[in-house]
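For chain A, the structure is supplied; the task is to place chains D and L on it using the hints.
Here the protein sequences come in this chain order: A, D and L. Count the first sequence with this note's numbering and you get residues 1 to 226, in order. Count the second sequence with this note's numbering and you get residues 1001 to 1038, in order. Count the third sequence with this note's numbering and you get residues 2001 to 2253, in order.
No lab work stands behind these hints: they were computed from the structure. Even for Gly, the Cβ is constructed at its ideal location relative to N, Cα and C. Heads up, a few of these hints could be off.
Unchecked claim - If you want a taste of the chain L side facing chain D, the calculated C-beta under 8 Å gives, among others:
{"hint": "1", "residue": "VAL2026"}
{"hint": "2", "residue": "LEU2030"}
{"hint": "3", "residue": "GLY2031"}
{"hint": "4", "residue": "ARG2038"}
{"hint": "5", "residue": "GLU2042"}
{"hint": "6", "residue": "ILE2053"}
{"hint": "7", "residue": "TRP2055"}
{"hint": "8", "residue": "VAL2059"}
{"hint": "9", "residue": "LEU2098"}
{"hint": "10", "residue": "VAL2101"}
{"hint": "11", "residue": "THR2102"}
{"hint": "12", "residue": "TRP2106"}
{"hint": "13", "residue": "ARG2216"}
{"hint": "14", "residue": "LEU2226"}
{"hint": "15", "residue": "GLU2227"}
{"hint": "16", "residue": "LEU2231"}
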Amino acid sequence: MNLLRHAGLVAGKDLRVEMRSRVATNQVAPFAVLVLVLFAFALDPDRGVLVRAAAGLFWVAVLFSALLAVQRSQSIDAADGVPDALRLAALDPAAVFLGKAAALAVQLLALELLLGIGVVVLYGVDVAGVGTLAVTCLVATAGVAAAGTVYGVLAAGLRVRDTLLPLLLLPVLAPVLIAATRASEAALLGGAVDVAAADWIRLLGVFAIAYVAFGALAYGSLLEDV
Amino acid sequence: MSYVVAGYGVTLLALAAYAAHLVVRGRSLRRRLPPARG
Amino acid sequence: MSAGRRGAASVGTTVLGITALVGVGVTVGLGLALPDTREQGEYARLIAVHPPIAWVAYVAVGVTALGSALWLWPRTRSSAWDVLAGASAEIAVVFTALTLVTGSIWGRATWGVWWAWDARLTLTAVLLVMELGYLALRRVPAPRSVRATRAAIAALLAAVVVPVNHMAVDWWRTLHQGRSLVRPDPGEAADPPFVAAMLVGFVAMTLVYAWMLWHRTRVANLEEQLEHEGLRAALAERHAEGRAQIEAEVAAR
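Extracted from the complex, chain A is given alone in its bound form:
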């Protein structure tokens, strides 16, 4: 289908830019690990607090890193007048949205892998239900990437973008944080697919579908105004 093919082109472009500039690997990834370290400084590493809180701390680190990744995703376009170029190329805005969200999702998943290793190594967490964890990460990331991309373009081009984006995006991601943490806790603290975890993952799915759909619909009007 044309839409998916075009989305793939856009995603490929974004990922190629990242591979050449390496901003996510050189700046966002170290930031993510830094957040984990800061949590260890703030909480007591010796009393098991870190292990009990690991799931939540993991997802908070993911959200903070996502803010940077979203802003980066929009910046690479702003510099070279890419939105206009994409419009001239008659690309469906929905395809542009899906492509950017997909590229963002790939980067976030890589960050989550890194953070997962970080949590295991730095906090001494034992991972039991890897399957549940993987599914949680996939579904949650889809939602974060979709919401991030659409709020990213909403705040794009504004001088207050850097302070406005977190204020707009983070409250909206609150349910993702709650649901992903609860589902991850089930995986980290033992047990196979927990019934409760499945419910949380379903909620994450609803969120993801809602924001992918909305983003695809709204991206057009937002691109026109940027």
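Positioned in the frame of chain A, the structure of chains D and L alone reads:
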């Protein structure tokens, strides 16, 4: 009793303050506009 | 005194305002006259203010969402909807913050703590932050229709998350405390005098909201008028300056 008073009090205060702000702002805007408006 | 023109008011709003004021007075009177209850002692009296204020906060948010949708829909597009959405959002902030404050006071009275991660309070807090974000977005300098469209989309995006957030926070807190933790719940004081006071409160607060909405939209319209006037006056001044300059040059020849 004080909590009830606090609850009612803060409600009335906040609503009155915002209402007054709207009226004052409206009047100051009206003053700055040329008089010929309907 | 000028010829009956008082700021942004008109006869209609004056009548509405007086009715609202009377309504609030009656509410306060009824509320304070309520008897003590078994479960909450005297604190159940807050039933006349807290639920009505929360109700208006939700109504205000709903009006903002509605105005946003009507602005975005091409067939109904009109700047009036954008003005409505913005005005209602500002009022929503006032009422949402007040919901949190009265809820906190009620919680302090009945639970002994100023804040508990009760589902309702938590959701209201998240809602307040989203409203503030929306208002921040509206203040960004940009051409009017661009700003309106962005704000409208942000409002609807937030509306999408409200039900999902509701379920997430509800499940989250239910797991930990079970559903019917003692909380400032109208259900606990369901006797007629309490329900009556609450209903009067609903009506009174809705009237207050209507009055505020009317005034806030007029303020917004006046602000825009002022902007246009300012521009028109500046252009006229420039014209006059230019003309004067030309005339001076002609006279000097």
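Hint check:
1. VAL2026: Given a least distance of 13 Å, the restraint on L/VAL2026 is violated.
2. LEU2030: violated, 12 Å
3. GLY2031: holds, 7 Å
4. ARG2038: violated, 17 Å
5. GLU2042: Cβ of L/GLU2042 sits 6 Å from chain D, so the hint holds.
6. ILE2053: holds, 7 Å
7. TRP2055: With Cβ-Cβ at 13 Å, over 8 Å, it is violated.
8. VAL2059: Because about 15 Å separates L/VAL2059 from the closest Cβ in chain D, which is outside the 8 Å limit, the hint is violated.
9. LEU2098: holds, 5 Å
10. VAL2101: Nearest chain D Cβ about 6 Å off; hint holds.
11. THR2102: holds, 5 Å
12. TRP2106: holds, 7 Å
13. ARG2216: holds, 6 Å
14. LEU2226: Cβ of L/LEU2226 sits 6 Å from chain D, so the hint holds.
15. GLU2227: Violated - the Cβ of L/GLU2227 stays beyond 8 Å from chain D, reaching only about 11 Å at its closest.
16. LEU2231: Interface hint status for L/LEU2231: violated (13 Å vs cutoff 8 Å).
Of the numbered hints listed earlier, those contradicted by the structure are 1, 2, 4, 7, 8, 15, 16.
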